[in-house]
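Chains as they are written, first to last, in our numbering: chain A, 1 to 289; chain B, 1 to 214.
Any given hint could turn out to be false.
[Stated by the list, open to error] Listed next, with one range per pair, are the computed distances between beta-carbon atoms:
id	chain 1	residue 1	chain 2	residue 2	range
1	B	Ala213	A	Gly20	39 to 45 Å
2	B	Gly78	A	Glu51	23 to 29 Å
3	B	Phe83	A	His60	42 to 48 Å
4	A	Leu100	B	Met1	23 to 29 Å
5	A	Glu259	B	Leu198	50 to 56 Å
6	A	Glu259	B	Ile31	33 to 39 Å
7	A	Gln127	B	Leu198	31 to 37 Å
8	A	Ser25	B	Ser82	47 to 53 Å
[As the list claims (entries may be wrong)] Derived contacts from chain B toward chain A, CB cut-off under 7 Å, selection only:
id	residue
9	Ser34
10	Tyr193
11	Ile195
Quick caveat, the hints were computed from the structure, so don't treat them as lab data. The structure presented is a predicted model; accordingly, all values stated were derived computationally and were not measured. Quick reminder that beta carbons are idealized off the backbone N, C-alpha and C, glycines included.
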Amino acid sequence: MTSVLYDPPGPRGRRRILLGTVLASLVLLAGAGWVVKRLADQGQFEPVLWEPFKDPDIQHTIALGAVGTLKAAGLAIVCSMVVGAVLAVGRLSAHRPVRLVCTVVVEVSRSIPLLLLMLALFLAYPQQLGSFGALVLGLTIYNGSVLAEVFRAGIQALPKGQSEAAFALGLRKNQVMRLILLPQAIRSMLPALISQCVVTLKDTALGYVILYPELLSKGKSIYITYFNIIPTAIVIGAIYITTNILISKLAEYLQRRSEHRQKNQLGKPTLMPLDPLASVEAAASGTVT
Amino acid sequence: MQVLIDNWGSILRAFLETLELAGLSAVVCLIVGSLLAVMRVSPIPPLRLFGSGYVTIVRNTPLVLVFILVVHGLPELGLKGSFFTRAVIALSVYTAAFVCEVLRSGMLTIPAGQAEAARALGMTFGQNLRLVIMPQAVRAVLPPLTSVMIALLKNTAIAEAFGVAEATGKMDDLVRDHADAILPIFIAFAAGYMIITLGLSRIVAWYERRAAAS
Chain A
1 MTSVLYDPPG PRGRRRILLG TVLASLVLLA GAGWVVKRLA DQGQFEPVLW EPFKDPDIQH
61 TIALGAVGTL KAAGLAIVCS MVVGAVLAVG RLSAHRPVRL VCTVVVEVSR SIPLLLLMLA
121 LFLAYPQQLG SFGALVLGLT IYNGSVLAEV FRAGIQALPK GQSEAAFALG LRKNQVMRLI
181 LLPQAIRSML PALISQCVVT LKDTALGYVI LYPELLSKGK SIYITYFNII PTAIVIGAIY
241 ITTNILISKL AEYLQRRSEH RQKNQLGKPT LMPLDPLASV EAAASGTVT
Chain B
1 MQVLIDNWGS ILRAFLETLE LAGLSAVVCL IVGSLLAVMR VSPIPPLRLF GSGYVTIVRN
61 TPLVLVFILV VHGLPELGLK GSFFTRAVIA LSVYTAAFVC EVLRSGMLTI PAGQAEAARA
121 LGMTFGQNLR LVIMPQAVRA VLPPLTSVMI ALLKNTAIAE AFGVAEATGK MDDLVRDHAD
181 AILPIFIAFA AGYMIITLGL SRIVAWYERR AAAS
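With the rest of the complex left out, here is chain B (with noise of 0.2 Å):
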């Protein structure tokens, strides 16, 4: 116990950094994630094949192999940047692919007559996407997502490898130093990452319980 309350700051810390990680990971994963899911559904072949290939591999990839293919292959191609940086990218290559997944299986929950409405008044693919299926898709989507959002949020602890002194590294020290208090800080960390899961899942549950309200 003495071990969590002499090192509290920096067991918050490590979770800030976590939970920055997440974050950032988290926006650049969706925006690609987006553009892969409308690639795979586009009229242009090229893109349909760049998106659902880049889908079939990644997803089939162990995100600690994306992980030493980034951290290590970025600086080869000449982009330089710090682990952490390295680290929401090598995140967000991983996800996006989920994710892309995600909304192209919820576009295709959408039922077939919206998007030939949209068609019969005119309107061309990207407005169809924008105006029609997309605000439906998402949705249909947020479970789903959350869920995702939820593993990229534990892979995060893959960075502990890649130098990254993020929640679960700071378990690793700490456990390495005080090897008799591993209950206890075992105990706590797990405690701190359920406090962030299971509080998202219930702010995404109370979200769609209000919008399903009103």
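One chain only, chain A, in its complex shape (with noise of 0.2 Å):
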């Protein structure tokens, strides 16, 4: 991409590039300086605010909050995987009342903020959700909305002769859907499927909101106990984002070895849409929270 915009550089080009690189670095590395010593005059530096995290008990305080973070987005995964599939079938169903239903929910949890979700079940029902069950209710209302839009792209982006060839042999329509397009719009789609992974782990942090005890919530415990809010949120951070980098990177994989796969059977008849593209975009469109 980046070559196409311009010349491979000439002799003068290169000087002006490396002219470039130079003062580009001097500008980042001064920024970056700069932080790091206003950091440094407020004592951010010192090892009693890093300490902490040397202390076992600390450790198993921000181990607890992240199997609380992973459980609560794991539940919400598979929660809303069902809830986007039911919700997909539902707007393609050839019953009006179903389709509208399924469409009303959709749009209504879609273009409402997830937090307002969140806060009305967790306000709603304190004893019977409680912090968990409102946060894990909000994530698969709202994600399972998203799923069931990315289905349905999936389902309508496969060709028409599948349906058919089905109805031919004599399927139903429940079986059509069941055992024949949704098996392979969820295989096209789930590089899709994966980003949105990410996008709900990142969105449990709304549970520090309704203080539910997760990542952040936990790392609240520990900056107010030792007054060390940046370090603590570098630490908690870079736990975040390695975390999704590994999901994001299994997407990735998942993504070349369909494409390989196709590639492998072309000429072939194939049960997988012929279109890459269609997922990639998918997929780009997905990862907004």
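Got two chains here, each in a separate frame; can you build the complex from them with the hints?
See below:
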């Protein structure tokens, strides 16, 4: 991409790029240096603020927070996949009332803030749901609606011949959906589905607002004791970033593998839609929180 | 219902605060995001590295954590500002990464021949981007950019937890005072957000149709 925008630099161009590189590095380093110096002046790098993280008790607290985050994210992802599949099928249903209800649910929950939904659930049923229930239910409704659109796009991207062939074999409407369309749609939407997992994992941080003991809330319990808010934020942030990058790498790997498989099947009848771009685009739009 | 009638003035003000927060953040994050996108395709390696590093880090960090860092971290850097200002900064820092990615993938959709033709005419990198690539990319990115802006608007809700009196915070207050009326209050606020988000996507769809027709 980059090489298309400018010619391969000649001797003068190379000199100019070198000059630009030196200048840009200086500016960026100066900026970073200023931030580090200001933080150092404020005593943010004093060992006192960082030593708590060597304490096994604190490490245990962070681990508990990570477990809380993973528990909420895992349950929400599983539930939202089920809800998403149901809503997607509902929006494609031949029955108008079913279609209408599913459309309203999807559109409403996608156009209001997740936090608003979560807070309302939490405040309406503080006893029955608790903060964990409100967090998971909110995430399920929201992500279920997002996934419903992903699945629906996946089903509609399938070649028409798939459902026609299935009907020709005498399968019923729900068999066509369950046995033929949904499995293929889910498989071709796998990368988009996994990027949605990153979004879900990030959104569990909203549990901080409704006081569910996840990674950030545990972080808060650390920094209100040791007054080391910036070190804590850096440590917690590093955990989130590492986890999410690993999940994204998995999505990339699966994407490459499915493209590879499609290439091998060229010429043979294929079960997968031959449009890898469709799922790439869905993945790109799906990562927006 | 009575709660809503009694408080409609302050509810409206809270939604105006939400709109103001989203609008200001939108302007800032569009500027920062475009700069980042240019950095990511520029011939200068440290800028490319900075651009991609920024995007990777910010995209994988929860917005709540960005808020904590900005709201509590900026004063440490000696930058003071109201909660509102800091909320705008947090939202812009976060959304700029998404804007950058949308713009960059928009540039990738432009056929390579366009950029090559511009180069053949002797245009520089800056002219190429400004006169040939960007005007076409902007049209291609309008729909995904709209989703980013809608996400931004919904994300302003998080400012509730950081001292900004916007709509979600108002709902929080009202429900805590009138626990019996939670359903009508929730419906009113959900409707308020829906009017804004669906309105925004309608306006963009209308604009796209008009642009396509002309």
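Now for the hints, and whether the structure bears them out:
no.: 1; hint: Ala213(B) to Gly20(A): 39 to 45 Å; verdict: 43 Å, holds
no.: 2; hint: Gly78(B) to Glu51(A): 23 to 29 Å; verdict: 25 Å, holds
no.: 3; hint: Phe83(B) to His60(A): 42 to 48 Å; verdict: 34 Å, violated
no.: 4; hint: Leu100(A) to Met1(B): 23 to 29 Å; verdict: 26 Å, holds
no.: 5; hint: Glu259(A) to Leu198(B): 50 to 56 Å; verdict: 36 Å, violated
no.: 6; hint: Glu259(A) to Ile31(B): 33 to 39 Å; verdict: 36 Å, holds
no.: 7; hint: Gln127(A) to Leu198(B): 31 to 37 Å; verdict: 34 Å, holds
no.: 8; hint: Ser25(A) to Ser82(B): 47 to 53 Å; verdict: 35 Å, violated
no.: 9; hint: Ser34; verdict: 15 Å, violated
no.: 10; hint: Tyr193; verdict: 5 Å, holds
no.: 11; hint: Ile195; verdict: 9 Å, violated
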